[in-house]
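First to last, the sequence lines map onto chains W and B.
Position 43, counted from 1, in the first sequence is what our numbering calls 43; the numbers after and before it change by one each time, with no gaps.
Position 188, counted from 1, in the second sequence is what our numbering calls 188; the numbers after and before it change by one each time, with no gaps.
Hints in this document: simulated from the structure, not taken from any laboratory.
Everything numeric in this text was worked out from a predicted model, so none of it was measured.
C-beta atoms are modelled at their ideal positions from N, C-alpha and C, and glycine is treated no differently.
Mixed in with the good hints there might be a few duds.
For lysine-lysine, the following BS3-like pairs were computed, each having C-alpha atoms within a straight-line distance of at most 25 Å [to be verified]:
{"no.": "1", "chain 1": "W", "residue 1": "K216", "chain 2": "W", "residue 2": "K288"}
{"no.": "2", "chain 1": "B", "residue 1": "K159", "chain 2": "W", "residue 2": "K288"}
{"no.": "3", "chain 1": "W", "residue 1": "K186", "chain 2": "B", "residue 2": "K264"}
{"no.": "4", "chain 1": "W", "residue 1": "K216", "chain 2": "B", "residue 2": "K127"}
{"no.": "5", "chain 1": "B", "residue 1": "K9", "chain 2": "W", "residue 2": "K201"}
{"no.": "6", "chain 1": "W", "residue 1": "K101", "chain 2": "B", "residue 2": "K98"}
{"no.": "7", "chain 1": "W", "residue 1": "K99", "chain 2": "B", "residue 2": "K260"}
{"no.": "8", "chain 1": "W", "residue 1": "K216", "chain 2": "W", "residue 2": "K289"}
{"no.": "9", "chain 1": "W", "residue 1": "K201", "chain 2": "W", "residue 2": "K288"}
{"no.": "10", "chain 1": "B", "residue 1": "K98", "chain 2": "W", "residue 2": "K6"}
{"no.": "11", "chain 1": "W", "residue 1": "K186", "chain 2": "B", "residue 2": "K260"}
{"no.": "12", "chain 1": "W", "residue 1": "K216", "chain 2": "W", "residue 2": "K201"}
{"no.": "13", "chain 1": "W", "residue 1": "K216", "chain 2": "B", "residue 2": "K159"}
{"no.": "14", "chain 1": "W", "residue 1": "K101", "chain 2": "W", "residue 2": "K186"}
{"no.": "15", "chain 1": "W", "residue 1": "K101", "chain 2": "B", "residue 2": "K127"}
{"no.": "16", "chain 1": "B", "residue 1": "K9", "chain 2": "W", "residue 2": "K186"}
{"no.": "17", "chain 1": "W", "residue 1": "K101", "chain 2": "B", "residue 2": "K9"}
{"no.": "18", "chain 1": "B", "residue 1": "K9", "chain 2": "W", "residue 2": "K99"}
{"no.": "19", "chain 1": "W", "residue 1": "K216", "chain 2": "W", "residue 2": "K186"}
{"no.": "20", "chain 1": "B", "residue 1": "K264", "chain 2": "W", "residue 2": "K99"}
{"no.": "21", "chain 1": "W", "residue 1": "K186", "chain 2": "B", "residue 2": "K159"}
{"no.": "22", "chain 1": "B", "residue 1": "K264", "chain 2": "B", "residue 2": "K159"}
{"no.": "23", "chain 1": "B", "residue 1": "K62", "chain 2": "B", "residue 2": "K34"}
{"no.": "24", "chain 1": "W", "residue 1": "K201", "chain 2": "W", "residue 2": "K186"}
{"no.": "25", "chain 1": "W", "residue 1": "K201", "chain 2": "W", "residue 2": "K67"}
Derived coverage of chain W by chain B (criterion: at least 3 residues anywhere in the stretch with Cβ under 8 Å from a Cβ of chain B; other residues may be distant) [what the hints assert, rightly or not]:
{"no.": "26", "stretch": "27-37"}
{"no.": "27", "stretch": "198-204"}
{"no.": "28", "stretch": "224-231"}
{"no.": "29", "stretch": "253-261"}
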Amino acid sequence: MIILRKLWNNLHLFMALPAILLFGLFFIYPLAQGIGISLTDSNGMSAPRFIGLQNFVDFFHDARAKKDVYNTVFFAIGSAPLLNLFGFLYALILDRPFKGKGFVRAVVYLPAVISPLIMGYVWYFILQPDRGFLYHLLENLHLGTGGSDWLGNAHSALIVLVFINVWQFVGMTMIIYLAGLQSIPKELYEACEIDGAGYMKSLWYITIPMVVQSIKINVVTNIIGSLSVFEVIMALTDGGPGYSTESLSIYILRMLYGSFTGYSTAVAMVLFAMIIIPVFIFMRYINKKEFEM
Amino acid sequence: MKNTRTFGKYALVAGMSLLSLIPFYILLYLALNKPSRTLFNGLSLLPDFNFSNFLEAWATSKMGLATVNSLIITIGGAILIILAASSAGYAIARYSNKFHQSVFNLLLICMMIPAIIITVPLYTLMKSIGGINTHWAMILLMASNGIPFSVFLYAGFIKVLPREIEESAIIDGCTPFTSFWRVTFHFLRPVTAAVVILQGLAIWNNYGQAVFFLQGQDMRTIPLAVSMFFQQYGAQWNLMAAAAVIGLAPAVVAFLIFQKYFVKGITAGAVKG
Chain W
1 MIILRKLWNN
11 LHLFMALPAI
21 LLFGLFFIYP
31 LAQGIGISLT
41 DSNGMSAPRF
51 IGLQNFVDFF
61 HDARAKKDVY
71 NTVFFAIGSA
81 PLLNLFGFLY
91 ALILDRPFKG
101 KGFVRAVVYL
111 PAVISPLIMG
121 YVWYFILQPD
131 RGFLYHLLEN
141 LHLGTGGSDW
151 LGNAHSALIV
161 LVFINVWQFV
171 GMTMIIYLAG
181 LQSIPKELYE
191 ACEIDGAGYM
201 KSLWYITIPM
211 VVQSIKINVV
221 TNIIGSLSVF
231 EVIMALTDGG
241 PGYSTESLSI
251 YILRMLYGSF
261 TGYSTAVAMV
271 LFAMIIIPVF
281 IFMRYINKKE
291 FEM
Chain B
1 MKNTRTFGKY
11 ALVAGMSLLS
21 LIPFYILLYL
31 ALNKPSRTLF
41 NGLSLLPDFN
51 FSNFLEAWAT
61 SKMGLATVNS
71 LIITIGGAIL
81 IILAASSAGY
91 AIARYSNKFH
101 QSVFNLLLIC
111 MMIPAIIITV
121 PLYTLMKSIG
131 GINTHWAMIL
141 LMASNGIPFS
151 VFLYAGFIKV
161 LPREIEESAI
171 IDGCTPFTSF
181 WRVTFHFLRP
191 VTAAVVILQG
201 LAIWNNYGQA
211 VFFLQGQDMR
221 TIPLAVSMFF
231 QQYGAQWNLM
241 AAAAVIGLAP
251 AVVAFLIFQK
261 YFVKGITAGA
271 VKG
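In isolation and in its complexed conformation, chain B is listed as follows:
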């Protein structure tokens, strides 16, 4: 009885995992097939193990450049979010006043506004500050998108963090500002991991704004480069999949590195507060 239950449990969990791995299998299957075999024919579930798609995808769509662009924008945006949102969360959680309270409420309401609805005025703004096709403007924009939810997480986490950790530093001669960066900031690691995963992925995968503000060929990010295989070259499945796998690899690796703290960060930042 106990054995069948254990078996049932593992079968269920294995089923859940397999279901989640379908797209990864499909992408690898396509990426490793010869161009003549885009379709699934016969019952062979094994691909051809043809690695030339990766080289061709890399060459034709400037994937290398796209990866560099995506890395610059994602890392820049994530660092900016961590710095701005953690210090704002600290001010809101520790030094509550009317101003901080209304800022927090405003951010909560703005969390409900999808970024797409401000595209037109944003385009005018980006044009007037000379930000079209630049890394720096895209970094600022992506960081701004991530501010509300990240402040929400940091403020929630800092509220339940004991005040004593800063107080001892203040007694030792720190100001509240320096004690945050020297002491409190290091306790925020779980939330920072959650922010890196959630916002980092959102930036890495951003398409809706990149398509407007990074139109230059040399400024393309990974989602733009991958979608090119669909639009320009007429659905080249093998190359599309190879490009997608190239673009996915850094995201998966980063996720696996930070996921250890992920649940902890969400628990402390969002659920308890």
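In isolation and in its complexed conformation, chain W is listed as follows:
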């Protein structure tokens, strides 16, 4: 009885337990197993054999994988800076008081409500060669439709994909920056004004340092999101033409469907490393910067 009483009074020490158990079972445990599987030639049929780092050696000789790494990195390097730039500009514009501010914020966020898969289908309809929405619009306005096969070659298709991603998730980045802007005490700006600093100066010396927490969240989530992209690409180009716009995540899925389980999991581990390394470098850099300020 006394033990029960004691337990009841100290129940708060166990309040993290449900979350830990859930996450442990559905994430940590499979992750640990995944590391094991990536060291085997598992193919879903014969018994898996331990082959050490062979999958990783194969990865570095896999031309298709190299192309996928290039595409994935291209997509991320295009997306993350643009998302932050436009998200920040949008937040600056929508932070000022005007009528209908809340409405516009909600509308700007709305594209993020649509699943990237459906978004990919919508843009496919707009951009289809010879019969898409944009093609007909250009034709009817007599603006010329030359070179309208935007999805037909790898480079323009990748640029289109970056554009769609930035345009869809700019609202999400904006919300995080808006939250940061709203936590800046107004007195700071007043002090700055008394000192005679202009808008640009106060932006550089007050606004940007004060939203550093938002910058952290946005950059990290954008790195993660863009390096693991797959739905929008599947819907828009399906990785094509050929494998020319395939991302690493799509490759992982396709290897899975092809029963190359061991190899697929090894590629997944490479993707994990590709995400965690830039995130750590960025966090170290920004924490040092923050310390200096």
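Please build the complex by placing chain B on the supplied structure of chain W, with the hints as guidance.
Okay, now just chain B, sitting in the frame of chain W:
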């Protein structure tokens, strides 16, 4: 001078809004056109206002069933996330010890791991617990995906919440556990709204895991049902769009209900801490 500036500002804001509404226009345009008019021809930007696509999409792809499946999984997953993540956030923020600190750090690192990389072992796990094609296993999985970021938000918010709000309840005879559910939990509404929007949408739109673990026809969620129009029936644009609009409507409505608290929740939970 002042008038042109105001005008310029409103023009800019109107432009931003219109740009964001393009996909909604395209989806409605397609969904309301007759099947003969999938393409944009002529300069008429108005659709045919043909509502039969909705009925046909509803009938052919079992959209009703897909909506029910999506609702069960999303609501179940979101409730589980709110309960588990808020209480974990409370324990981490208020009763800091080595264990809680390392749990928090582990969750932060795991936030960086995309769910796709554990698909294979997860499939084995789901099979061995009999979770393939079931609502309950999908709910648990979706909740687990949402745990790290939600704990991060809740812990950040509770850290800046004054301790006094629980202390008075504890003096009145509550334990720290009961005072959380009776008092503190009600102060967390802004974060809960942010969690509902972010995680609810992530679950509602989940495709990458649903495609593996909900393969049965009767278990399909909305993203799976919509993608069927692309794969099985060869790009039926009007029906695809109608199905997408049906699937989008609940998400948009939920977003509009909760968005009032959204910025506040993010401000308090993530940015200040």
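Hint by hint, here is what the structure shows:
no.	hint	verdict
1	K216/W x K288/W	13 Å, holds
2	K159/B x K288/W	24 Å, holds
3	K186/W x K264/B	17 Å, holds
4	K216/W x K127/B	38 Å, violated
5	K9/B x K201/W	22 Å, holds
6	K101/W x K98/B	44 Å, violated
7	K99/W x K260/B	16 Å, holds
8	K216/W x K289/W	12 Å, holds
9	K201/W x K288/W	22 Å, holds
10	K98/B x K6/W	21 Å, holds
11	K186/W x K260/B	22 Å, holds
12	K216/W x K201/W	22 Å, holds
13	K216/W x K159/B	19 Å, holds
14	K101/W x K186/W	19 Å, holds
15	K101/W x K127/B	49 Å, violated
16	K9/B x K186/W	22 Å, holds
17	K101/W x K9/B	12 Å, holds
18	K9/B x K99/W	11 Å, holds
19	K216/W x K186/W	22 Å, holds
20	K264/B x K99/W	19 Å, holds
21	K186/W x K159/B	23 Å, holds
22	K264/B x K159/B	15 Å, holds
23	K62/B x K34/B	21 Å, holds
24	K201/W x K186/W	15 Å, holds
25	K201/W x K67/W	43 Å, violated
26	27-37	holds (count 8)
27	198-204	violated (count 0)
28	224-231	holds (count 5)
29	253-261	holds (count 3)
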